[in-house]
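Chains as they are written, first to last, in the working numbering: chain P, 1 to 217; chain G, 1001 to 1526.
For the record, the hints were derived by calculation from the structure and aren't laboratory data. Hints should not be assumed to be uniformly reliable.
Unchecked claim - Covered by chain G, per the in silico footprint, the following chain P stretches (three or more residues, Cβ under 8 angstroms):
| id | region |
| --- | --- |
| 1 | 95-104 |
| 2 | 171-185 |
Claimed, not checked - For lysine-lysine, the following DSBU-like pairs were computed, each having C-alpha atoms within a straight-line distance of at most 30 angstroms:
| id | chain 1 | residue 1 | chain 2 | residue 2 |
| --- | --- | --- | --- | --- |
| 3 | G | K1012 | G | K1487 |
| 4 | P | K183 | G | K1177 |
| 5 | P | K69 | P | K118 |
| 6 | P | K94 | G | K1177 |
| 7 | P | K60 | P | K118 |
| 8 | G | K1496 | G | K1177 |
| 9 | G | K1277 | G | K1012 |
| 10 | P | K190 | G | K1177 |
| 11 | G | K1335 | G | K1496 |
As the list claims (entries may be wrong) - Interface residues of chain P toward chain G, partial, derived using beta-carbon atoms under 10 angstroms:
| id | residue |
| --- | --- |
| 12 | A25 |
| 13 | G29 |
| 14 | I38 |
| 15 | Y55 |
Ideal placement from N, C-alpha and C gives every residue a C-beta, glycine not left out.
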Amino acid sequence: METKPSPQTKPLAHHFDSYEQQESAGTLGMWLFLCTEILMFGGLFVGYVLYHSLYPEIFKAGATFLEWKKGGINTVVLLISSFTMALSIYYAQKNKMKACRMSLILTLFCGLLFMLIKYMEYSHKMHVGIFPGKFFAYTGEGNVEGLALYFSFYYLMTGLHASHVLAGMGLIGWALFRAFQNKIGPNNYKPLEYVGLFWHLVDLIWIYLFPLLYLVE
Amino acid sequence: MAENKNYLNWQKGISSWLLTLDHKRIGILYMITIFSFFLIGGIFALLMRLELFSAGEDFIKTDFYNQAMTYHGAIMVFMVIIPGIPAFLGNFFLPLQIGAKDVAFPRVNLLSWYCLVTGALIACFSLVLNGVDTGWTFYTPYSIRTSTSVIPVVLGAFIMGFSSILTGLNFIVTIHKLRAPGMTFFRMPLFVWSLYSTAIIQILATPVLAITLLLLIAERVLGVGIFDPNLGGDPILFQHFFWFYSHPAVYIMILPAMGIISELIVAFSRQNIFGYKSIVMASIGIAAVSFFVWGHHLFVSGQSEWAGIIFSGLTMLVGVPTAVKVFNWTATLYKGSLKFDTPLLYAMGFLFLFLIGGVTGIILATIAADVHLHDTYFVVAHFHYVMVGGTLMAIMGGFYYWLPKMFGRMYNELWGRVSFALIFIGFNVTFFPQFILGAEGMPRRYADYPLPYEPLNQLSTLGSWFIGGGFVVALIAIVWAIFKGPKAPANPWGAKTLEWETTSPPPHENFSETPQVTTGPYHYGN
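This is chain P alone, in the form it adopts within the complex:
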């Protein structure tokens, strides 16, 4: 049986006058934080665009090494996870806590699946000597001069993104824990919404990474 969280379970910090004020402060703060994330990735994207225009042939050659099918599956996985994340917030608002928790578990599972596929991709590349930077040791077919630079970008961009996926999974795990404690509910779904915003951003960044790295001509 679902227990309805009473309004008292939602804490109001001493320096706020009302829940509305507290919640709108949290939302603004979260959006500002997302701005900083975009700017941080922005640096890498600028670097990518710059070197892509300098050495288009290296980037073209590099993209042929990537398995676009795995990247594509990962794109779908993340899109589904964004959907289940949004569902969990919807269910929390509607006080369907079982469905909310189920959606969070699904989201977490999608994150795990993404990391697994990522791991397969990485290990496959490293197996043939495609390491980042000065450890690059690939000499086989399709190797062009400067290919290491492409893979520097590949590892840096996907690596930074993967670290964000892990962070997001941590946050979702925390939200799930709170949901099991009945500390998330129709009166108190904002923390879940912030986690969701972060997760959507992680998804969005991948939406840009995938075509830039895998599908580029």
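Go by the hints and put chain G onto chain P.
Chain G in isolation, oriented as in the chain P frame:
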């Protein structure tokens, strides 16, 4: 023993400080941290000046000189001037000035202090390893190749960047969401406006520094080649990335200083600020333009001539809103009933020194002049006039101004004035000769120089001792005031902003009841 409960005594014990969520206590934590690092950075500066007293290698080894130069820069920038005003005075007075009980996210506020301390300790850990000798700018390719301990310092700066981002984020949300009833945006004190524009820069620029520093670490650990020409990378890209943050960062340093100066000039001329809205717009304007001027650091690094011309023009544009502020301050002083107490002395010192710093900035923005002056002592003198003559003067002035509010005690006016005189005279004796040395072609960052430069260098070193002495006097005066000073009333200056309406020191929740605001911030009735 009928002392009122205030934020200083309502809880006791070390953990009530280290785990505090009170913005005022966190401000005090920042104060202690920042002045400790200021002392360390200052000692490095004095050591450098000592070595430069005479030509040749005489007091310290050249290698150590390079490290002292790096640590002086990195400590003063990342641990003193950037957090200096926002995180210390801003943390303490932003909520008070808008009639709030705290900042929006007190836990994040505490976290940002821990970020600063952790980052600073990691950076300083490099001292017991091999030190670092790249200069605070970590320019590639040298920062990739040097055998010194670059990684701890870069990692430290990365972590300290989070401190800056979190403070900025907290301030923007606080200003948007926690203003007292009636406190409209255009009734906010100008210090709050300056913190707001600063916070915008902190949020938009610092993440770019974060990725730049991460890339530099990746470059050293993995050799990713993005800044390494051997692998097709471009070291100039590092300079672009670095200055995309670090030029806006100098406005992180100066904008809040300007905010303090507005408060001081109003309080000590006892009349409303001249041109309130134009100062607000100038703050926002400086923040906006600051993102499009970074290329003036690369006039001789190999960027296109057209880029140089555009960056030169945009850089000069910064002079417009800045001059607007200087004229407004001067107009506010005009026919005011001036009280030359220590805070106003520092504010006047700011006006004088910052003017020189600003005007020489325009000279450096002129490409043809910059080709000659680039990387000479002229640049060193210019940015010390802005950073020390501007920011540090403002911190000191603001500290004396708000000290009665923070600790409920008055400082000794005579010692305050002596500290100002020593710092002001010492500063000019130290740095004015450097303009001449730079124009004569003496390059910066070297431990040695040809003999003809010696007399002016000796003068400069002499001045540095006066600055050092001035800060020692200031330290003694402040510590004495905090522990032994006479009790301060709630509003010793007759100032009009909200923080003076509560008791000194303020209670934990700042105001006994939420203030209702009905007028602008500087309502002197004239």
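- Of all the hints given earlier, name the ones this structure violates by number, lowest first. When the structure is compared with the hints, numbers 1, 2 and 9 turn out to be violated.
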